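Engineer: Protein chains in written order, with the numbering used here: chain F, 62 to 237; chain D, 114 to 803.
If you are wondering where the hints come from, they were derived from the structure by calculation, not from laboratory data. Predicted model, so just to flag it, every value in this text is computed and none were measured. Treat the hints with care, as some may be off.
What the hints assert, rightly or not - Taking lysine-lysine and the DSS-like style, the derived pairs with C-alpha atoms no more than 27 Å apart in a straight line are:
(1) F/Lys233 to D/Lys622
(2) D/Lys561 to D/Lys734
(3) D/Lys796 to D/Lys446
(4) D/Lys734 to F/Lys233
(5) D/Lys345 to D/Lys190
(6) D/Lys342 to D/Lys731
(7) D/Lys452 to D/Lys342
(8) D/Lys584 to D/Lys622
(9) D/Lys708 to F/Lys127
(10) D/Lys556 to D/Lys446
(11) F/Lys133 to D/Lys624
(12) D/Lys452 to F/Lys133
(13) F/Lys142 to F/Lys127
(14) D/Lys190 to D/Lys342
(15) D/Lys708 to D/Lys734
Claimed, not checked - Covered stretches of chain D (in silico footprint by chain F; criterion: 3 or more residues with CB under 8 Å from a CB of chain F, positions within the stretch not fixed):
(16) 304–318
(17) 792–798
We put the CB at the ideal spot given by N, CA and C, even for glycine.
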Amino acid sequence: MTTASSADHPTRRDFLYVATGAVAAVGAAATVWPLVAQMNPDAATIAAGAPIEVDLTPIAEGQDIKVFWRGKPIYISHRTKKQIDEARKVPVASLPDPQSDESRVKPGHDQWLVVIGICTHLGCIPIAHEGAYDGFFCPCHGSVYDTSGRIRQGPAPTNLPVPPYTFVSDTKIQIG
Amino acid sequence: MSGPSDFQPTNPALKWIERRLPIMGLMHSSFVAYPTPRNLNYWWTFGAILSLMLGVQILTGVILAMHYTPHADLAFKSVELIVRDVNYGWLLRNVHACGASMFFFAVYIHMFRGLYYGSYKEPREVLWILGVIIYLLMMATGFMGYVLPWGQMSFWGATVITNLFSAVPYFGESIVTLLWGGYAVGNPTLNRFFSLHYLLPFVIAGVVVLHIWALHVAGQNNPAGVEPKTEKDTVAFTPYATIKDMFGVSCFLLFFAWFIFYMPNYLGDAENYIPANPAVTPAHIVPEWYYLPFYAILRSIPNKLAGVVAMFGAIIILAFLPWLDSAKTRSSKYRPLAKQFFWMFVVVCIGLGYLGAQPPEGIYVIVGRILTIAYFAYFLILLPLLSRIEKPRPVPNSIADDVLAKSGGKAVPMVSSVVALMVAGGLLLGGAESARAAEGAPKPPAQKWSFSGPFGTFDRGALQRGLQVYKEVCASCHGLSFVAFRNLAESGGPGYSVAQAAAFASEYKVKDGPNDQGEMFERPGRPADYFPSPFPNEQAARVANGGAFPPDLSLITKARSYGRGFPQFLIDFFTQYQEQGPDYLVALMQGYEDKPPAGFTLPEGSYYNRYFPGHAIKMPKPLNDGQVTYSDGSPATVAQYSKDVTTFLMWAAEPHMEARKALGLQVFVFLILLTVLLYFTKKKVWANAH
Ligand code: FES
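Generate the whole structure from the sequences, applying the supplied hints.
Structural biologist: So, in structure tokens, the structure goes:
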């Protein structure tokens with residue numbers, strides 16, 4: 062097939078080959094799309110991740126509860142005056158992940174700390190009311206968080222994230 | 114696989130690997146330099162098509178297994194959730210389910226091709242036997258796969274097929290119990306079938322490697338049936354066979370895509386959209402079409418053990434073919450008698466397939482016996498006899514001579530045999546179909562549906578009105594448990610906004626819990642909730658409905674069907690008619706008659722319906738004129754109500770129908786383009802070979 066006699070033949074032939082190859086390649090690539098897309102969360106999972114409402118009235122001062130949203134544990138702590146003060150005393154600049162306590166709670170609801178209870182190191186669940194800072198302690202590799210859920214010690218790189226939430230009323234929040 | 118290769122990579126890294134593991138040389142000698150007879154026709158591309166299908170089935174199967182739950186209580190639902198919620202889940206499921214049929218379709222052509230051209234003869238006996246083993250494995254895999262959706266046909270198919278083994282003397286019962294893992298088909302059965310259904314395709318892949326190995330040792334057979342002698346008789350596998358196979362595959366994909374995107378349920382059984390119920394056997398247990406000929410043989414023999422032996426014997430006998438047919442001439446082209454009998458054998462097989470789908474009574478049994486005898490006679494009497502008495506025509510001296518002898522005019526037999534094959538296949542399928550028909554009820558009149566045909570879409574107004582009818586009328590007895598409120602806002606549905614769907618949901622009370630006190634409680638519905646069912650369980654439903662169980666309506670339009678008969682069934686394949694379910698439902702809702710015809714005794718607590726199988730239905734006339742008040746001014750008539758609610762239920766059964774048809778169009782445009790390009794590329798490549 063390398064012995065085409067006339068000069069214009071190879072060009073036309075090459076064009077045909079390239080076109081066929083290109084179309085086949087596009088088809089192959091398009092086929093891969095659904096095969097990969099199916100791994101993403103399905104519609105039922107996404108729908109189940111809709112916002113949830115949590116009633117805060119049963120949580121006494123100094124206590125906390127754990128609720129689940131999108132399969133993640135969310136800590137809701139009703140902080141004492143002492144805990145809030147501790148969180149606000151520390152100079153923000155000295156923190157590994159500098160963030161003020163005020164920026165991590167909703168204004169006017171300073172006593173409520175809502176954080177995703179997943180250690181930012183490798184995903185274990187920190188234990189509340191443990192560790193040197195009266196906040197959270199992760200038993201897996203010893204990360205210590207303070208009463209604002211900020212990382213103070215250990216291998217975790219960042220503070221416990223605050224999920225999106227709003228106060229529907231003074232005693233009710235909506236997460237998500 | 115065909116001797117040491119002279120292939121040497123130039124890249125030093127590849128060279129380094131090649132010296133330690135000559136895999137590139139192996140690939141090169143097997144799939145590039147490998148000499149392939151130059152006179153192969155398109156029947157030979159089915160080998161490549163089959164390799165592709167195995168790959169497709171394994172790939173989609175592995176993916177489906179990521180979403181499927183092999184548990185008797187959850188399997189049916191998990192399949193539905195794959196189709197409804199998983200991204201492209203409907204596509205993957207259609208590909209896998211139709212793919213099984215395509216796989217068998219291709220393997221039958223591949224087998225008949227081998228039979229016609231004598232591809233099993235010396236020195237290809239082992240190659241052929243490996244093929245028979247693959248076929249057996251395919252049958253086992255296909256059967257177990259059909260059980261997994263855990264519908265009525267799954268369950269009863271599993272029961273009937275596993276019970277075949279009870280025919281074994283002395284140990285039969287123990288074997289069956291062992292297969293079931295219980296006293297009946299149940300959850301343990303489903304679990305082990307799932308495990309084996311996942312395993313066997315890889316075993317098939319392993320045997321396929323042996324099959325190809327044996328092929329590359331013996332070399333391919335060819336239409337002339339003479340071995341290649343000189344260089345002139347062969348061409349290199351790549352590009353010649355490769356491009357031809359690719360063109361063949363592309364044509365096959367067009368055929369395949371027709372099913373995937375437009376006729377996904379054409380080859381399936383409506384009964385399998387009803388969840389498995391160990392208390393009710395469907396009126397007709399019909400296996401998938403590709404088992405029908407053997408099923409017919411099983412039923413033709415009035416003795417349990419003999420029937421089972423005959424059925425398995427019909428497959429096993431294939432393995433002995435190389436010795437039953439000892440004729441020296443391979444290709445039937447040069448065997449005038451064998452050729453005629455071959456086609457008669459094809460007809461016998463198709464006839465058996467047709468009978469396998471008919472009720473085992475009357476004339477069908479007698480014809481079934483005749484054809485069963487003919488089937489075995491072909492192998493046991495005819496082929497051995499022919500090889501002794503037949504005088505074959507002279508075969509060409511070489512493949513090159515064969516090619517020269519018939520330049521031009523060979524496309525015609527190919528086309529006509531493809532057409533003949535399609536008609537025959539359709540007959541077989543049509544047979545499978547008509548078994549479901551004929552309970553003595555008249556055929557429902559065909560309605561006009563906005564969603565029928567390749568470009569069909571749902572009429573939004575009808576969907577919204579249908580939802581209203583369902584909510585105000587049907588919902589008092591029938592559940593809709595696979596439909597979530599959020600679906601109402603999805604594209605391709607009734608066209609509500611997310612807020613409207615949420616408001617609609619909040620009108621419902623949904624059970625939730627337990628709460629912190631450990632108690633269940635009721636709360637307003639959310640978009641993620643599913644339509645609550647009117648009764649807590651089947652027993653409660655039966656008590657409230659005079660012993661009848663109002664079926665869940667989520668899948669009702671797919672779970673009801675009626676026979677279209679031959680040849681209408683064939684025409685349906687081309688016109689894409691698949692609205693048997695909706696047509697039946699509309700007819701049913703309008704088919705009530707106040708007085709049963711004379712001579713018909715209506716059982717207590719039943720109502721007469723012209724279209725209901727057996728006519729005595731427990732559901733009172735559900736719809737009456739003026740019962741539902743539409744806000745858009747559509748007529749408040751039973752005819753309108755029934756059409757609207759059926760449209761809504763069609764959507765409920767397949768929320769992604771519009772996406773399916775839209776994607777189908779894109780795929781077809783693409784495949785046609787690819788096929789045309791491949792055709793010309795193939796012509797160009799082969800121009801140098803002639
Ligand atoms: S995961 Fe928490 S410290 Fe490593």
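Engineer: Evaluate each hint against the coordinates.
Structural biologist: Verification of the supplied hints:
{"no.": "1", "hint": "F/Lys233 to D/Lys622", "verdict": "22 Å, holds"}
{"no.": "2", "hint": "D/Lys561 to D/Lys734", "verdict": "23 Å, holds"}
{"no.": "3", "hint": "D/Lys796 to D/Lys446", "verdict": "26 Å, holds"}
{"no.": "4", "hint": "D/Lys734 to F/Lys233", "verdict": "49 Å, violated"}
{"no.": "5", "hint": "D/Lys345 to D/Lys190", "verdict": "59 Å, violated"}
{"no.": "6", "hint": "D/Lys342 to D/Lys731", "verdict": "75 Å, violated"}
{"no.": "7", "hint": "D/Lys452 to D/Lys342", "verdict": "26 Å, holds"}
{"no.": "8", "hint": "D/Lys584 to D/Lys622", "verdict": "14 Å, holds"}
{"no.": "9", "hint": "D/Lys708 to F/Lys127", "verdict": "64 Å, violated"}
{"no.": "10", "hint": "D/Lys556 to D/Lys446", "verdict": "46 Å, violated"}
{"no.": "11", "hint": "F/Lys133 to D/Lys624", "verdict": "23 Å, holds"}
{"no.": "12", "hint": "D/Lys452 to F/Lys133", "verdict": "70 Å, violated"}
{"no.": "13", "hint": "F/Lys142 to F/Lys127", "verdict": "21 Å, holds"}
{"no.": "14", "hint": "D/Lys190 to D/Lys342", "verdict": "59 Å, violated"}
{"no.": "15", "hint": "D/Lys708 to D/Lys734", "verdict": "13 Å, holds"}
{"no.": "16", "hint": "304–318", "verdict": "violated (count 0)"}
{"no.": "17", "hint": "792–798", "verdict": "holds (count 4)"}
Checked against the numbered hints given earlier, this structure breaks hints 4, 5, 6, 9, 10, 12, 14 and 16; the rest are met.
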